[in-house]
Amino acid sequence: MKKNLLSFFLLFFCFSLAYGQSRAIKGKVTDQKDGSPLPGVTVTTKGAAPAGTQTDLNGLYSLTVPAGTKTLVFKYIGYKESDLPITGNTLDAQLETDPKQLTEVVVVGYGTQKRGSLTGSIASVSGKDVAETPVTTFEQALQGKAAGVNIQAQGGKLGQGITISIRGQSSISAGTQPLVVIDGIIVNQTDLSSNGATSNPLADINFNDIESYQILKDAAATAIYGARASNGVVLITTKKGKTGNAKINFNAQFGSSAPSRHRQFLNSDQWLKIEQRAVVGAATQDVLNGYFDTMADALAYENDDSYFTFLAAGNSKWNQTNTDWEKQAFQSAPQQQYDLNVSGGSDKTTYFIGMQALNQTGILKGNKFQRYSGRVNIDTKVFSNLDVGMNLNFTHSYNQRLSNDDQFSTPLQIVALSPITPVIDPRTGLISGTPPGDHDGSYPLYYNALINVKNAYYHTNVYRTLGNVFANWDIVKHLTFRSEFGIDQTNQNEDSYFNSLTAADTGTPNGFGENTNTSIVHYTVNNFITYKNIFSQDHSLDITGGTSYEYSNLLGNDVQGKQFPSDSYKKVASAALISGGSSTQSEYSFVSYFARANYAFKSKYLLSASVRDDASSRFGANNRYGVFPAASVGWMMSQESFLKNWQSLSELKLRASYGLTGNAEIGDYSSLGLFTSAGYNGLAGQRFTQLANPNLKWEKTAQLDLGVDFGFFNNRFSGTFDYYKKNTRDLLLNVNIPETMGIAFQTQNLGKLYNRGFELTLASDNFVGKFKWNTSFNVSYNLNKVTYTNGQIIDDGADLNRVIEGQEIGVFYGHEFAGADPKNGDALYYLNNIQADGTRNRATTNDPNKATEVPLGNPTPRYTGGITNTFNYMGFDLSFTFYGAFGNKIYNAAGQYMSSSASNGLDNQTLDQLNYWNKPGDITQVPEPRQFYANGTDPSSRYLSSGSYVRLKTVTLGYTFSPDLLKKVKIDKVRIFMNAYNLFLITKYKGWDPEVNADFQATNINLSNDFYSAPQPRTITFGLNVGL
Amino acid sequence: MKKFNNIYIGALGALLMFSACNKQLDLNPHQSIDQNKAILTAQDVQSTLVGAYNRMGLSDLYGGGVFVYPDLMATQTDVSFNGTFQGLTQMADQAILIDNTFVSGTWQDAYQVINQTNNVLANLSKVASGDKDRTEGEAKFLRGLVYFDLARLFGKDWNDGDPNTNPGVPIVLTPTVALGPDSYVARATVAATYAQAIADLTDAEAKMPETNSFYATKYSAAAILARLYLQQGNYAKAATEANTVIASGAFELNTNYAAEFPNPGGVNPVHIDNTPEDVFAIQVTSQQGTNSLNTYYASKTYAGRGDIHVNDNFTDIYGATDTRAALYQYDDPTDNTTTFRCRKFDNSIGNVHVIRLAELYLIRAESNFRNGSSIGATPLADVNTIRARAKATPLTAVNVDAPTQLADSKSILDERIRELAFEGGFFLHDGKRIQQSPIGAVPYNSNKLVFPIPKQDINANPKLKQNPGYGAE
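Taken in sequence, the protein lines are chains A and B. Letter by letter, the first sequence follows residues 1 to 1028 of our numbering. Letter by letter, the second sequence follows residues 1 to 473 of our numbering.
Worth flagging that the hints you see were computed from the coordinates, not collected in a lab. If you're wondering where the values come from, they're calculated on a predicted model, not measured in any experiment. Incorrect hints may appear among the rest.
As the list claims (entries may be wrong) - To be clear about the criterion: a stretch of chain A counts as covered by chain B if any three or more of its residues have a C-beta under 8 Å from a C-beta of chain B, and this derived list gives those stretches:
| # | segment |
| --- | --- |
| 1 | 67–73 |
| 2 | 298–311 |
| 3 | 897–911 |
| 4 | 922–936 |
By construction, the Cβ of each residue, glycine as well, lies at the ideal position given by its N, Cα and C atoms.
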């Protein structure tokens, strides 16, 4: 890992010195261990008027020193500081490595700390380790890299919402995403999508600009963010320039994606067989119900023959066509990406200027994502004790989005179409279902989403400016004042158009257009003072105090139009009928005061305390202010004399923290009683929409963390173990209230839950030297339990996900399916009522209303983990990361359509449905097919399956040309590489992909549902990296 | 390098640090207003009343759900439900689950209307005296209509057992201000629910004007009362109320039957105001409201889902000249392999006819027949008035026998099907009223023909008792 770190700095911060003067002290700085030159070492004079420089690529330096200077100080990250007396004109230094984790600077809330002095739980990921991953957003790239951080995509659509949960989910109705802070500024994470599925606001960020990610997990680390911290905090630091010659870095990669897995459906013969059996099944029921006296009459009534001909595009030889609709949903998906950046600086000014062009095609037909991003990070000294700077990022992202998973027009819903239906209707030569070949709108079975590919679009353009200006003022020695003013401005335009050929889907015959503009301006002002000092050698003190003000203003407008002159007209300006429009505004603010003190005695005994006082416009008038304190202690045992002699032990630290954080992520006006407009036939009206709760306040999470950090053999082998328990109370809960009040819920502070778990991270440099192999491994376990909801069972609209006391959030809860009745093929359910002896009644019923609902499984993995192995040899590098999630189930919400034993509609069925009950005595899990008789299609455990998986998430293979070779052509670095993403998957899950949560219904409660959701892409790219 | 060390800058920094203040925290909503500021003036009361109509028009309520759902529960041999909404399949299968979202939608929306009307009624003092009666009447009309339909859907039928002990629905007559012990209301009996509906509708009839644009009028209340009394078997009152509407001359039958279901725009729907025959209709426009009859009956060409297919022998009930049969057609009228549908609801922004004059003729006819009276006209004359408009051959006699669905049968119940099929949930409500057995696969008084109380509300309100047949065993 240390070598990794070294090469990391070599890559990004190499520079050569160009400011030498004629009378100078010269020298070479080398690694004490192997004598290799150390570039970038800071060399300063010790004295009143310090002069300084840094070593060049070959470890050489030259420095003019004022008269009377006796000592030079050599500082280099990862090495112990060295003070050497000046003895002549030459002074060489050999630096001794320092266990890296102790001196590495870690970004924390409103400041930095050395890792060795940390008492909180912070997972760090280097930007370099995830850069160039061929994905859209940094969250995807972080998967498997940090313990306790569970990152889950909703599916394989580009730029769509991603769920991150740090140490489990600590809220039921309020937000659960961590706070994201980029260069000190809180980032707006409001989802602005208006198509019923979330999009990811963080997709606007080019993650190749990112230097490091610090994931703050326990209260000691997060409580400085007070009411916004309960879900953890991700601190992102972007790349900065370093003094020295300009470095140019260019990176390009090309490749393509394909679906990582397919799902099998019936072919024409199989489908006809099960549908015809379903006709018989239905007719049998008709007779039993007394609708018909004879089976013959019932069969005549239920007969589908003419309908089959209809679905086969009029071909009476139904099985002549055999369409694999599933394959039709996908497309070949090329992608390319270019990054170019320049960085460097003088002794007064440093800069990093970067840009990116990214163009990804989605695996689903019609899906595309592009991002053009620029960054300027600049820092300049105005006075010797004042530096000002700016970090600015501007981005244009463009997403050709698809309908949400619940729409007939999303590509994967075409799997429901009959295999006997041809893709191209031979009668018209057009895609089946395209007018005029569809006189009544009912061919094919459902709207054919392929029509949308050429006849509809939904384009989202986001223009985002995220930046801050700051000033750092060293007021007096030890005392620094920092002021930051940041803006995160998002302007989003969604433009959609559905032409006349999509009428069967939109219900609008001559085109439908919609244009939605949303802008959010989010300001942050931070002002804080830091005092750092060391008293009498042994007492180090670090105090920070300040204020923060945050204000967000969302403005939106929308216009819709119908009746376009022809399909050539696509903007609402051309619509004869303006069918809808609106404008909206929503604001919130936070006013906060915070303070933190860190004290260390002999770097052995560490004490830290922080407090934040937050007030928010979102809370009720009676509860505006909340105080969030935290305290922590650390004991660097390895510094104790009784362990100092244990040579192989390089670090052993015990940590404990306890503190309070809050969650304020509810609607902007949740505490107020509200009336909203409700017009009728063009006349204005108003209606009651929200019940007031003036007592509404933040959720409180009290978190205990006990941790140990350890390192052996100069930290060649190191690790961290944490146990935590997060107790959340006063949950911001949408509490069901009697609907007879004319309203279904009120947001209240009611309920308790906890998350409890452990995290283990291990890192090992297995081989050092010419052949390098290092391994990093993390695993985490989290148990989530809702302990109190006042007995209420909360349902957020998904079939089985519920919140119930004693279970985890979103537990699958419902009827337990018992297979087909061997006697008659009825779907059976276990009664499961509790009997006199306390056991559950395992007798069965065919009436789901009679069965008792029971917990059926967890939607969230208990264990998640990742392992990354990196090998380096002779310029070759190979790295691969496995990611795994274990112990959850996934509910196929589309099972009632696609795995219904043809008992609900004529949707094509998954292959396993062929195993249906056919005759008395058959033992099977698939009930008798009975067309439209809903035999076993009600939500139940029938559609649950294991969601555990292990995935080869990323593989990178690269070759770096020898620097000696490149010197001749004056190039610093050339690396060629190949990236592979989602190369293979091991799972028992029956659907497309276990990384799933149907986008249209994903909420805190609705977890692990699959509903025609796209699989993850399998992406392979080839790239080139050149440094000048 | 110079040093930045100016005391004034220091002061500025300190100022910046502590400048954040409380007024930054008082942010008011923009597209909603605080409930305390919502109903202050007469205009606000009127807006709240309009809001009640808005809620009436929700898809699970008088946008059409309240009519589609009972029909689905009782038309197993007349239609097939080919949609994939499980909640509706459950209704067609007469196997409703307690978490049926369509059922809970109706329940929730109904109480939204009730709360809206309660807000209006609690603020009548703010209304100018000239508008007060109308405002009160309209609010009570909407509330009464909703209680009547809630009683029919969530309670046993009036003539099924004892309405004085059968549970109806909770009666709430005050607006929601805060959550308190009073918010948990138990179910009143079927009789008490009907009594509330009758009281509201009677008061509404007395207070509303004879004309009131497309809003409810005196006659809307009388018409719903006629329907209610018929359901109760109170034939004298049913005939009287029906006669009030017919005799008022405020409404007339459209000259042809199809004109009641206007769709002049074809696939490009246009909103049409009430027809002369509409006594009360919910207004649907491209901007507001949903016609869920269109959603389920109309083909995709006409912006529906086309889930409900009518059996093509359904039109056997019409005689050869009866123009009402033309409202049932194949998607492609020339191709009998295409889907056969009810075409009454092809206009996706067509109004939902809550009650129309033809029904009142039939109520008067049936009530007079059962009552042995001839208030307004003889039963035969009323039936033939309806038939004449439809160009059907006049009947020579009528009766109230169970419907046979045979062409030109003499039963007024059959005439109701010919005239009103799929418009008002009559397959279920009439089936229960005349104790038809079976309805679908179950007897008229089966628990399966009563909606369950939505599970979510059972959980939220411990005072609510579930209907029989819906509990776990």
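Okay, the hints, checked on the actual structure:
Only when three residues or more bring their CB closer than 8 Å to a CB of chain B does the claim for the segment 67–73 of chain A stand; here the count is 0, and the claim is violated. A stretch counts as covered by a chain when three or more of its residues have a beta carbon under 8 Å from one of that chain; for the segment 298–311 of chain A and chain B the count is 5, and the coverage holds. Under a criterion of three residues with beta carbons nearer than 8 Å to beta carbons of chain B, the stated coverage of the segment 897–911 of chain A is upheld, 4 such residues being counted. Beta-carbon proximity to chain B at under 8 Å applies to 3 residues in the segment 922–936 of chain A; the threshold of 3 is reached and the given coverage holds.
Checked against the numbered hints above, the structure violates only hint 1.
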